Amino acid sequence: MLDVKKIRQDFPIYQANEDLVYLDTAASSLKPKKVIDTVDYYYSNLGVNVHRGVYGLSYEATDLYEAARHTVARFLNAKFEEIVFTRGTTSSLNLVASSYQNKLKSGDEIITSELEHHSSVLPWMQVSKHTGATLKYVELDHEGRITVDAFKKVLSDKTKVVALTYVSNVMGYITPIKEIIDLAHQKGAIVVVDAAQAAPHLKIDVTALNADFLAFSGHKICGPTGIGVLYGKRHLLNSMEPVEFGGDMNVTVDKFDATWKDAPYRFEAGTPIISGAIGLAKAIDYITEIGFEQIHDHVSALHDYAIKQLKEISGIEIYNQSAETGIITFNVTGVHPHDAASIFDQNKICIRAGHHCAQLITKWLKQIATLRATFYIYNDKSDVDKFIDSVKETVRFFGAF
Amino acid sequence: MGNLEQLYRQVIMDHYKNPANKGLVTDPTYFTVHMHNPSCGDDMTVQLKEENGIIKDIKHQGTGCSICCSSASVMSLTLMNQTKEDALNKIHAYYHMLTNEPYDQKVLFGDALAYHGVAQFPARIKCATLAWKAIEQALISNKED
Chain P
1 MLDVKKIRQD FPIYQANEDL VYLDTAASSL KPKKVIDTVD YYYSNLGVNV
51 HRGVYGLSYE ATDLYEAARH TVARFLNAKF EEIVFTRGTT SSLNLVASSY
101 QNKLKSGDEI ITSELEHHSS VLPWMQVSKH TGATLKYVEL DHEGRITVDA
151 FKKVLSDKTK VVALTYVSNV MGYITPIKEI IDLAHQKGAI VVVDAAQAAP
201 HLKIDVTALN ADFLAFSGHK ICGPTGIGVL YGKRHLLNSM EPVEFGGDMN
251 VTVDKFDATW KDAPYRFEAG TPIISGAIGL AKAIDYITEI GFEQIHDHVS
301 ALHDYAIKQL KEISGIEIYN QSAETGIITF NVTGVHPHDA ASIFDQNKIC
351 IRAGHHCAQL ITKWLKQIAT LRATFYIYND KSDVDKFIDS VKETVRFFGA
401 F
Chain F
1 MGNLEQLYRQ VIMDHYKNPA NKGLVTDPTY FTVHMHNPSC GDDMTVQLKE
51 ENGIIKDIKH QGTGCSICCS SASVMSLTLM NQTKEDALNK IHAYYHMLTN
101 EPYDQKVLFG DALAYHGVAQ FPARIKCATL AWKAIEQALI SNKED
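Going line by line, the protein sequences match chains P and F.
The first sequence stops at residue 401 when you use this note's numbering, and every number in between is there.
The second sequence stops at residue 145 when you use this note's numbering, and every number in between is there.
If you are wondering where the hints come from, they were derived from the structure by calculation, not from laboratory data.
Note that the structure is predicted; figures quoted are calculated from it, not measured.
Backbone N, C-alpha and C fix where the C-beta goes; we use that ideal spot for every residue, glycine too.
The reader is advised that the hints may include incorrect statements.
Pairs of lysine-lysine, DSS-like flavour, derived with a Cα cap of 27 Å [what the hints assert, rightly or not]:
| no. | chain 1 | residue 1 | chain 2 | residue 2 |
| --- | --- | --- | --- | --- |
| 1 | P | Lys392 | F | Lys17 |
| 2 | F | Lys126 | P | Lys363 |
| 3 | F | Lys17 | P | Lys363 |
| 4 | P | Lys308 | P | Lys392 |
| 5 | F | Lys17 | P | Lys366 |
| 6 | F | Lys126 | P | Lys366 |
| 7 | P | Lys348 | F | Lys126 |
| 8 | F | Lys59 | F | Lys17 |
| 9 | F | Lys49 | F | Lys133 |
Some chain F residues close to chain P (C-beta under 7 Å, calculated; not the full set) [claimed, not checked]:
| no. | residue |
| --- | --- |
| 10 | Leu4 |
| 11 | Cys40 |
| 12 | Gly41 |
| 13 | Phe121 |
With these hints in hand, go ahead and build the complete structure from the sequences.
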């Protein structure tokens, strides 16, 4: 287990909220002081634009911004020019879909799944509507997992795009994405990986995966909000039309024509998210220093500890007992998740209630909504105990009426 | 647990388990409004029958948490047989109560007062108002011929 007491000293929020039980990292992680200070450093000491100014401050801002790209590239085992900074996973996935819209036609097929977050499925649903390409869903197994066998059944010579999640934000399952990518490539399809929930928990190696595109957000891995990453293979990025046009993304501009820079810059029109990018780099340094193996072991231990106790409570339904990451999705039988959530709220336990921007899997589970608790590096067994107490209290409280 | 006890007083759970005026009708003289809260999935349909500016009947049908579903029942009883103007005043008083603003207790009384505890759970205000927003829209939109 990690030394949670020591880790919490890195997170200022615990100073102001000593009794905070934060179990909603899948929505957004807490932010360590190092990241906050880095963002603050940019605004306090630099605060100027990048790539433009011919003065010292702008050089330093540019250096930090581009150094952040190097950090992300190393983090994913990608090349520097394959890293596009975006507003978040949603922007990254929309960027790919928007740009691929004019590469697809009626009769082509796009494979996705009911496990997807809305940001992974909706952009392709729109592409499908505009191009006539067919949206196909991988049939989930009895636990709600994407399997290689089920993927093979929907893969065809017509498959052009595969858009799947690496780790489900509701079920916490890890998709066998490497095998899926290999199979998709045999058909000449590209694979777009939603790694928003994978990035905080798994060491991602885009080169080993051979992923074509992969997206994640800064704020789920202890970084700032409003910054995210799109990784794309260089030749693919450079074959794509930009989706936003403006400053800093062009080479020459004439009255009736213009040309675009190579990736990543063709996708970064306008002033980029400078403070976010350098804050994200600091967050990556922070969690890399803790180590993914340690993070995984810690989170798994908390997950197993919680599941063991939950299973002993009668009157609750757990939907993903076998999840490999720190996500537990459940309901108190007969109690609407929003009623249950108020008990947790009253006890200062932050969990999520709703459909988690993933209505398809909520419907697959035949629920209106679910409760979700997620664990990360700053959680300890005492958090789990308080969580379990509130689950019991919820069962008792609503059982009494 | 004090606040929660207050919020979920028996009256709310009673209306949740035994709602009044639940179930829709196919009568075209009723004006129907459907409202949905996409963030939590609460879904509510209300039907309004007015005659000469007086509310003659209210029906509701929805899915959601106990606060949402029970408040539809309470809303229907609170507004039944009221004039449009009185009903709108009661609706606004209800909104004020939920946000801890002053409201006239001569205007709003009865089971609706059980929901004052919602003010302490801001995340639940949208649950407690969905049916009321729906009937408010019905009252504003419904033009009697």
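Cross-check of the supplied hints:
For the hint linking P/Lys392 to F/Lys17, the alpha-carbon distance of about 22 Å falls within 27 Å, and the restraint holds. The suggested pairing of F/Lys126 with P/Lys363 holds, with an alpha-carbon distance near 22 Å, which does not exceed 27 Å. Taking the CA atoms of F/Lys17 and P/Lys363, the gap is about 24 Å. The hint holds against a cut of 27 Å. Using a Cα cut-off of 27 Å, the hinted pair P/Lys308 and P/Lys392 holds, with the two alpha carbons roughly 14 Å apart.
For the given pair, F/Lys17 sits about 21 Å from P/Lys366 by alpha-carbon distance, which is consistent with the 27 Å threshold. Taking the CA atoms of F/Lys126 and P/Lys366, the gap is near 23 Å; set against the 27 Å cutoff, the hint holds. Restraint check for P/Lys348 and F/Lys126: the C-alpha separation of about 20 Å stays at or below 27 Å, so the hint holds. Of the pairs offered as hints, the one joining F/Lys59 and F/Lys17 holds, with about 16 Å between alpha carbons and a cut-off of 27 Å not exceeded.
Of the supplied pair hints, the one linking F/Lys49 and F/Lys133 holds, its CA atoms being roughly 16 Å apart against a limit of 27 Å. Interface restraint check: F/Leu4 against chain P, minimum CB-CB distance 5 Å, threshold 7 Å, status holds. Because the closest C-beta pair between F/Cys40 and chain P is about 5 Å apart, less than 7 Å, the hint holds. Here the hint on F/Gly41 is kept, as its CB sits about 5 Å from the closest CB of chain P, short of 7 Å.
Against a cut-off of 7 Å between C-beta atoms, the interface hint on F/Phe121 holds, since the closest Cβ of chain P lies about 5 Å away.
In terms of the numbered hints stated before, the structure departs from none.
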